[in-house]
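**Q** With chain A's structure known, arrange chain B with the ligand on it following the hints.
Chains as they are written, first to last, in my numbering: chain A, 1 to 478; chain B, 479 to 675.
Since the hints were derived computationally from the structure, they do not count as laboratory data.
If you're wondering where the values come from, they're calculated on a predicted model, not measured in any experiment.
Think of the CB as a built atom: it goes at the ideal place given N, C-alpha and C, for glycine as much as any other residue.
Within a straight-line C-alpha distance of at most 25 Å, the following computed SDA-like cross-link-like pairs (lysine to any residue) qualify:
(1) B:Lys545 <-> B:Gly671
(2) A:Lys151 <-> B:Arg609
(3) A:Lys151 <-> B:Lys495
(4) A:Lys35 <-> B:Arg523
(5) A:Lys151 <-> B:Asp524
(6) A:Lys151 <-> B:Ala603
(7) B:Lys670 <-> B:Gly544
(8) B:Lys559 <-> A:Gln8
(9) A:Lys151 <-> B:Phe498
(10) A:Lys151 <-> B:Glu599
(11) A:Lys178 <-> A:Asp214
Each pair of labels, with its calculated beta carbon distance range:
(12) B:Val517 <-> A:Ser182: 47 to 55 Å
(13) B:Thr646 <-> A:Thr138: 32 to 40 Å
(14) B:Gly637 <-> A:Thr138: 29 to 37 Å
(15) A:Asp213 <-> B:Gln510: 30 to 38 Å
(16) A:Thr138 <-> B:Gly671: 23 to 31 Å
(17) B:Gln510 <-> A:Glu420: 34 to 42 Å
(18) B:Tyr492 <-> A:Leu15: 44 to 52 Å
(19) A:Pro381 <-> B:Gln510: 46 to 54 Å
Per the computed footprint, the stretches of chain B lying under chain A, defined by three or more beta-carbons under 8 Å from a beta-carbon of chain A, are:
(20) 516–530
(21) 615–629
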Amino acid sequence: MITFSERQLRVPRLLRPVYLVTAGQSKFARAIPEKKTEELAIDAFTMAARLIEKSPAELKRYIHTAYYGHFADHFGDQLLGEAVIHDRLGLDPLGNVGIKTGGATGGSTLWEAVKAVASGYSDCVLAMGWERMDEVPTDEGNHLISCAADKDWETPLGHIYTGYYAVMAQKYWQVFGKQEESFRRTMAEISVKHHGYARFNPFAQAPMKITVDDVLQSPVVAYPLRALDCCLMSVGAACAIVCDEETALELTKNTTNKPLRIWVAAGSHTLRPACRRNMDIPLLPNETQDQYADLGERFPGGDRYPGFTGFLAARMAAWYGYRMTGIVDPMEDLDVIELHDAFTISDMQTYEDIGLRPYGEGRDFVESGDCYHINPHTGQPGRLPSNLSGGLIGCMHAVGATGIMQTFEIATHLWNRWSEIHGDPDLWREFGREKPQDWTDLQVRGAKRGLAISHAGVGSHVTATILMDPDHLLKDNA
Amino acid sequence: MSVFGTVSVKNGRYRIKGDFHHITPSTPIRNQDYPWGLVGVTNPRDMTYIHTYGGEAVFFENLCKGKIHGTRCDNPDCTFKGTVYLPFRIHCPDCLAKNTVIDLTDVCRKTAVIHTYMVCERSGAFNTLDRPIRFINVEFEGISTILMSYLSTGTPEIGMRVVPIFRTQDPTYTITDLSWVPTGTPQEALPKGFSFE
Ligand SMILES: [Zn+2]
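Bound conformation, chain A alone:
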């Protein structure tokens, strides 16, 4: 669609408040040959129980339904993997369902879980996501991922998803980046930042102390994208428990976890980027029509919206999500975010789609230092730290788990438990990873509201998960 009816633009509403009570995750790595997926799911679940001082058996007694995010069945040659995990978690005969929306699977799983509680169907729901991409050789993995493109019109062209995705990066790079060296360095800075933050995250797969020049000298994957501009391929699991208010209070009684309000909104767009038709930019609460009147003059080629430069699905997820929760200016109203940095350049595109900066000016979110835990220019806390987990570039992209990992990360800040969890020497030891000498506490002080963006491939599905401390809501009836 390129025009919308009023009904389609109705602001979504939950019928009752929904709370994130706890969450957990397994170790993330490129390959985990020593564990079956069910073992990783049990690791994640056990951690979620531990954070609210429950045994897994005690936590299980609260669960009423289960939502499972797992994208690529064909990677494991196992259909209905959800049924396997559900059985191994010992949750039969409770109702459960599998969710798959590509890279947004984790976010979509939370979307469904939240609606199950909001509707009153369940009082306590498990959202669990996982992926394992280590059971085929890389070229076959590339083919299997390319099957997420259109099988008649795209996949036969090289069986390589990068080819379908990176054409958008090329366009953004030329139109909004103007192929400037300074823009290229800003892209590289994102990789340096995410690999760098991953060093302080025991769950993370790719901690690296690197420089902008290291990124610029890494092998070209699809120009201008280089190896260090790209996200990881991972194995791992993550889970979250969402509840109604009464159950949330009971489950967290005498624990450190304060139940957090949770909302998820979703958007979509054509599977084939080629099929995007021109339309007007749907405006976020902090934007006006006028500000884009001269977009094509300032950035020649940038007047075609969403063209190949914007992600309409991300824009719509934010459009619904912000209105649902009372967010007007995400830079002011949010304290910490996790974005879907599949590539450095798509991280930057997302800054614009979700209104951190106007279209065309995404690079400023990095260049201003706003995206850092500590702004390198001022030495003061960054205005809106992003991807302190390391994101998809530094921490992981175990597809079905990714959106849940991001939510776990945001929650640890809002619970003021980031340091306790990420600094735990036992966890570093358990994962066989060395805690760096210069390990740094990345807790965002006083964080009350956060956002996680979960994004599928070329932008077919995107979700916005919003978490808030219930004592710091922006809107009474949200």
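**A** Chain B with the ligand alone, transformed into the frame defined by chain A:
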């Protein structure tokens, strides 16, 4: 001896002939770091799928005849009547009426311009194109969408004028039968099996 699986349709049903899969035994995966303990097994899979193009078959049939077909919504009640689609859309995405199939070969020859591109060194298993693959997305005058394809000669640039070429010899009946070259490319420079019409 095994025979490649082939399929035809008769009386509305698929008729299949030949081998659609090959059986290879599983082999153990052992851990070199521990005393050769069992970790798992390989599961070889080699199979052939049967796939219909449905209402898009006319597009794939005609590539080897040097024709590019698209579609247009002609429903007088549709808000977006007259919108032209390439990639081919069987139904209008707005009113869902069946679109009219139209020959866009001429429009493609005269107005194709590279909207964006990507030169990709890598490919996935089962790839049949030469590397690096020069992915191009082509825009046309009067067509509301953009077509993803690949450039067979030259270096792609945004704004470059290109013309279609077709695999007229030994067609594969896939989207790879359509490719593009910069305007002015001589016939001798085309890849084997391809021609301008
Ligand atoms: Zn129509």
